[in-house]
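Residue numbers (UniProt numbering), protein chains in the order written: chain L, 1 to 293; chain D, 1 to 365; chain C, 1 to 417.
Computed beta-carbon distance windows for the label pairs:
| # | chain 1 | residue 1 | chain 2 | residue 2 | range |
| --- | --- | --- | --- | --- | --- |
| 1 | C | 390 | L | 5 | 53 to 59 Å |
| 2 | C | 270 | L | 112 | 39 to 45 Å |
| 3 | L | 259 | D | 84 | 26 to 32 Å |
| 4 | C | 83 | D | 318 | 53 to 59 Å |
| 5 | L | 149 | D | 301 | 36 to 42 Å |
Partial list, derived from the structure: chain L residues whose beta carbon lies under 7 Å from chain C:
| # | residue |
| --- | --- |
| 6 | 115 |
| 7 | 119 |
| 8 | 135 |
| 9 | 137 |
| 10 | 220 |
Stretch-level coverage of chain L by chain D, calculated; a stretch enters the list once three of its residues show a Cβ under 8 Å from a Cβ in chain D:
| # | region |
| --- | --- |
| 11 | 98-108 |
| 12 | 224-232 |
| 13 | 264-274 |
To be clear, the hints were calculated from the coordinates, so they are not data collected in a lab.
Since we're looking at a predicted model, the values are computed, not measured.
Note that beta-carbon positions come from the ideal geometry of N, C-alpha and C, so glycine has one too.
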Amino acid sequence: MGQFIQLVVDGLSNGSIYAVLALAIVLVNQATGMINFAQGGMAVLSAYVTWRLVEAGLPLIVAILLAVLASFIVGGLLERFLMRRFERGDPDTAVVVTIGLLTLITGVCGWLWTYNNQQFPSLFPLHTVRIFGAAVSVRSIGTFLAIVAIMLVVQALFLGTKLGLALRAVAINPESAAFSGLPVGRLLMAGWGLAAALGAVAGALVAPQLTLTPGMMDTALVYALAAVILGGLSSPVGVVCAAWLIGVLENLAAVYVHFIGYDLKVAVPFILIFVVLIVRPQGLFGRKVVVRV
Amino acid sequence: MSLATGLLSRAWVRWAITAVVVVVLFVLPLQLDEYTNQNLARIGVFAVAVLGLNVVMGYTGQVSLGQIFFVGAGAYVTGYGASHDWNIVLVFVASVLVPGVIGLLVALAAARLGGLAIAMVTIALPIVGVPFAKRLSDFTGGSQGMSSAFSNAPGWTGLYNDQWQLYIVLVVGGAVFLLIRNLVRGKYGRAFAIVKDNEAVAASMGISPYRYKVLAFTVASLIGGASGFLYMAVIQFTSPETMSFGHSITLLASMVIGGAASILGSLLGGAYYVLVPQWSNDIDPNLTELLQGALLLLTLLLLPGGLATLPRVLARTLRRTRTPDPSERRQTPSAPPAPGRASVEETPTVGGIPAQSPTERQEQA
Amino acid sequence: MKRKKNVRLTGAIALISAVAVSLTGCGGRDDDSSGGARGASTGITDTTVTLGVTTPLSGATAGPGTCTVAGLKAYFGAVNAKGGVKFGDGKTRKVEIKAQDDAYDPQKAKSNYDQLKGSVFAMTSGLGTPTNRAYREAAIADKVPQVLVMTGDPIFSDTKESPEQLGFVPTYVNEGEAFGKLLAASGQDHKVAILSQNDDYGQGYVEGFKKGVEGASNISIVKELTYEATDTSVDAQITQLAGTHADVVFNAMSITPLAIASLQKAQQLNWKPSWFLPSNTSSPKAILEPGKAMAYPGVYSVSFAKAPQSPAFAGDEDVKTFLSDLKQYADYPDMPAFPHCMWSYMVGATLDQAFQKMKEPTREGFMKSLRDIKDFTAPLMLEGTSVDTTVDGQPAVSSVVVQKYNGTGYATVENFG
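Start from the sequences, fold in the hints, and give me the full structure.
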């Protein structure tokens with residue numbers, strides 16, 4: 001029993017890593033209608049900026065805030081000067097542009113800061129506390145709570161604010177959004193900027209555990225995408241819950257399902273997606289959409 | 001230009017050109033140096049893989065991130081068969097059929113799902129494929145991989161290995177390209193295009209989107225298997241790394257860079273896959289990732305429809321610079337934003353973007 | 001419409017073919033591709049010799065991959081600055097290095113080899129089992145030496161299987177066995193938990209360890225788990241292993257962040273066994289310090305290279321020269337994060353030995369003299385280890401010493417505990 005609880009707690013802590021990246025992906029998708037493969041890469045770049053600022057002597061929290069600000073600006077500029085040219089075009093091309101961006105950013109990080117692992121300071125201490133007999137680090141709890149907070153903010157942004165409604169309106173139908181007087185261009189920039197800013201927080205949260213390398217987010221990206229599809233693209237709460245579910249089930253399957261084991265546990269999120277989507281095509285928490293012809 | 005086109009439209013001229021091409025392709029491997037032959041063969045391997053991806057993605061509009069899995073599976077079957085001294089024809093058939101059957105089974109389930117969910121189910125193939133290949137180490141040689149020299153030139157030919165391998169690629173790859181070219185230009189191609197454009201319209205026309213998605217996906221995995229056969233013939237080694245997820249992403253990028261829904265684009269995509277890492281290595285081996293990313297973005301900024309649209313874009317630019325006619329200028333923005341579609345214009349215009357994006361976006365809302 | 005399309009495609013193919021033919025010009029194949037000195041092999045002239053490396057310089061293994069080039073460049077950069085290597089045939093040659101990135105992709109490694117083999121004398125120092133295996137058979141067929149490569153895969157040291165090859169680093173089996181023997185000789189009862197990477201790397205270590213403890217009644221292996229090199233976390237494995245209350249962990253892990261996370265996780269679970277880590281993930285600064293390794297009764301590793309981070313070697317002449325060469329000639333200003341930097345530096349020194357002894361500038365001559373190096377202590381080698389290329393079935397370095405972490409660096413130990 002002790003082991004079971006510990007595995008669940010470990011799974012939640014892993015799931016949090018996937019969740020924070022998944023939130024950024026959802027944000028960009030809801031604001032611009034595309035899937036950004038470079039989201040993880042951008043988060044890594046922000047984390048490097050944070051790390052450099054800390055090395056330069058700034059306190060960690062100040063460094064993170066500066067990186068968040070810088071990421072917001074860079075995200076907006078990327079949308080305006082790169083993605084804008086592909087937004088109305090073939091969606092496949094747009095996806096490949098984000099892949100190109102991911103490659104470029106990874107290359108730039110490797111070039112500027114080498115491919116070696118860098119130690120990234122943590123916002124939270126590594127002390128251990130006991131919950132229901134399971135050992136949990138304060139860092140994991142801190143990350144967990146931070147994600148819940150971000151999730152609620154994103155959810156509130158989309159459902160409860162004018163900005164969120166405008167962002168979604170632009171993503172759903174830019175033409176009619178423009179007709180109704182919304183500043184479509186600026187809203188698209190804001191969507192990318194916000195997602196990049198969120199990515200900067202994500203980077204700072206997970207870098208202490210994964211250690212900073214240019215490819216730090218590569219595996220997490222796959223899990224995050226799985227969580228996004230599983231949770232439903234339109235629901236921040238949904239993707240975070242899906243990420244936790246994936247983290248927990250993955251651990252339990254590895255330990256208790258003999259056929260899966262540690263080598264095939266990566267199949268768990270995909271089996272989950274498969275089963276869930278056959279029953280609920282819109283994802284666990286997504287809204288059902290009526291497609292007009 | 002018009003004179004050349006006029007001349008080319010005569011039947012005998014085309015036959016003559018075809019004959020010349022065949023002769024040239026036959027003579028070429030004998031004339032080129034070893035490294036060039038090897039590179040051409042490698043390009044052929046990945047051109048076939050990209051072609052398969054094009055069938056399901058470029059022509060039918062279903063995002064597939066798993067193409068490299070079928071290449072890897074085909075390579076493993078080839079390696080296994082060759083090391084057990086199967087007949088070469090049997091090896092080839094098995095290397096195509098095994099991935100094809102896996103593809104069919106996956107497609108039967110995946111095609112029920114909509115857009116992005118298909119992407120996630122296909123992403124799973126290489127990601128689960130790598131540890132699975134390690135687990136089946138009795139067949140696959142585990143993480144140390146398997147070698148196979150079945151494609152070395154037989155003594156009676158008097159050829160070098162690289163020449164023989166290039167011939168294998170030309171024959172198999174050429175056959176696959178011809179078959180697929182006919183497929184996408186015929187009845188099936190039109191059905192694929194309608195499914196890609198609008199599934200509801202397809203259904204109302206009596207074209208089952210489900211059935212055609214499954215068909216496209218299965219064809220793509222069969223071609224992936226053929227590409228895997230060629231991979232083993234040219235590289236002569238495979239390991240779980242072969243089907244790592246990153247290569248699947250690169251294949252996808254190569255398809256778009258070459259030109260989606262284009263036969264010529266598939267060929268160019270294969271060249272992109274092979275040559276760009278080499279070029280970036282020649283410039284600076286420590287900056288390969290940076291250079292590859294920059295080149296990818298640059299290419300798409302200049303040619304959003306892929307390399308296959310280069311002649312058309314050049315022609316348009318030339319026309320524009322020659323006749324600075326304001327009326328033509330004004331027209332350009334309203335031109336279709338993705339000239340890459342041009343190469344399938346004989347099919348009812350596919351992926352006319354304005355028609356597609358509203359439905360796409362609503363699904364995600 | 002359809003017809004017009006066909007025309008365009010056929011036209012395009014014809015055009016491409018015509019261009020291709022005219023570009024290649026006159027054909028025919030020149031078998032004798034040697035350049036430079038008479039009777040000499042490819043890649044060697046009277047004044048230079050060129051070495052080829054294909055290794056991951058981008059992607060997940062780029063960190064150690066970069067090191068496999070940096071050490072080599074550092075060594076020969078310094079040698080070239082002093083004039084070059086005096087070869088056994090009396091000529092002094094400068095050593096040039098052509099390194100290419102394969103991103104740990106076997107296909108790219110083969111492609112790099114195909115490109116390099118026309119201009120290099122030998123392939124060397126590249127990292128990775130599948131990437132080295134991808135061109136092993138081609139190198140044998142072409143008679144291109146593929147020597148002192150960075151993989152513990154034993155096939156590269158089997159002269160019959162691999163006549164043109166020689167591994168450099170100890171096989172994974174060697175390393176695992178060394179620790180197994182030390183543990184078996186402790187005389188006390190030990191319960192061992194094993195966590196290994198699910199590939200030939202992890203399997204080799206485990207196989208060696210089991211060989212080392214074979215027949216020792218005081219050792220019992222209580223649990224064996226694996227992880228994938230691409231995993232982001234091994235928390236679940238550590239949790240499961242902690243449940244066994246084993247007093248020794250044999251951790252065959254090659255991924256830096258996972259090694260740190262394992263050390264941290266076990267402490268959180270209040271499980272404090274003695275710990276074994278392989279040579280490439282035992283860096284005091286990069287792994288043990290952030291992993292707070294002093295919390296454990298002992299962290300052991302095997303090594304044959306001096307760790308430059310260790311204060312014990314701060315004043316060491318070898319280490320000082322090595323670090324300055326690395327900075328000056330390899331554009332690697334930081335303290336090496338991976339031991340591969342030291343290893344490739346030793347590869348350079350070993351090649352230097354072979355060059356000095358080879359009587360004729362041919363690949364055959366080189367292989368012969370390379371296989372004839374004994375009791376050579378390359379710079380940075382620890383006491384008790386040496387380069388010996390004369391033993392069939394063993395890589396150039398097969399002797400390792402077991403070391404124990406002392407809070408800042410390592411000290412060689414004879415006994416466990």
